[in-house]
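Residue numbers (the numbering used here), protein chains in the order written: chain A, 1 to 113; chain B, 114 to 227.
Each hint should be verified, as a subset may be incorrect.
Said to hold, decoys possible - Pairs of lysine to any residue residues, derived as SDA-like cross-links and limited to a Cα-Cα distance of at most 25 Å, are as follows:
id : chain 1 : residue 1 : chain 2 : residue 2
1  : A       : Lys-71    : B       : Tyr-159
2  : B       : Lys-214   : A       : Pro-61
3  : B       : Lys-214   : A       : Phe-20
What the hints assert, rightly or not - Sample of chain B residues lacking proximity to chain A, with all beta carbon distances greater than 10 Å (derived):
id : residue
4  : Ser-141
5  : Asp-180
6  : Ser-183
7  : Ile-187
Said to hold, decoys possible - Listed below are several chain A residues computed to face chain B (Cβ distance under 7 Å; list not exhaustive):
id : residue
8  : Gly-42
9  : Leu-43
10 : Asn-99
11 : Pro-101
12 : His-103
13 : Phe-104
14 : Gly-105
Because the hints were derived from the structure by calculation, they are not lab data. We put the CB at the ideal spot given by N, CA and C, even for glycine.
So the chains spell out like this:
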Amino acid sequence: DVKVTQSSRYLVKRTGEKVFLECVQDMDHENMFWYRQDPGLGLRLIYFSYDVKMKEKGDIPEGYSVSREKKERFSLILESASTNQTSMYLCASSLGGVNQPQHFGDGTRLSIL
Amino acid sequence: DAKTTQPTSMDCAEGRAANLPCNHSTISGNEYVYWYRQIHSQGPQYIIHGLKNNETNEMASLIITEDRKSSTLILPHATLRDTAVYYCIVRPSSMNTGFQKLVFGTGTRLLVSP
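Same shape as in the complex, but just chain A:
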C-alpha cells in the first residue's frame, strides 16, 4: 500500500511565523503535490513537483514556497503565515506519466492565530 505521511495532524502557529509542513512518501513516486482544502472552495493545488529539485506553481502559490531535495520528501513553507492561510493542507503523490492516481496523506489542519 502507498503510504503518504504528513508530519503533523494539527498545528497552531502565530501570524508572521515561518511554517514548515513536511510530507514523505514511501513508494518512490516521481510526482508530489500540495493542496489546500477549504469548505465551499474544494481542493486547490498550491504547488506540484515532478522530480527532485523541480517544482511548478499550481493555482494558488502566493504566500507559499516548496522544497524537494530528496525524491521521497516534499516540504511546503509558509513564508510569513497569515490568518487566511488557516486551512486543511493535503499532500499527495503519484507515479510519473499519464493516468496515474494520486494518493493522499491524512492532512494537516493548520490554524494561524
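Using the hints provided, position chain B relative to the given structure of chain A.
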C-alpha cells in the same frame, strides 16, 4: 476537468451493496473516470478509475455505460467504515501540468447505517 453530477446524499444498510451514480455527459474520448472518497477529517482516498471497460479491485467495482456518459461505483458489501463523501471526477490522459491537479465537486455523502 469535465463537469460531473452526483446526488448530494445517499443511504445504505450495512452489508448491502451501495451503488453510487455519476453523470458525466460531456466527457471526451481521452478522459478517464476516477473515484475518490473522503472520510471525515482524513485525506481523500483513491478508489478506482477506468476509461470505458468495467473495472474491479479489492475496494469496489466501476461500471461505465457504453456511451460513457455515466458511471456507477459499487461497494459490494457496505460497512459502517464506508461512510464518507464520494467524489467522481473525470481527468484527461495528458502530461500537461494543468491536467495533473485534481478538482473535486461536491460529491455524494454516503451514510451506511446498521
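Hints the structure fails to honour | none
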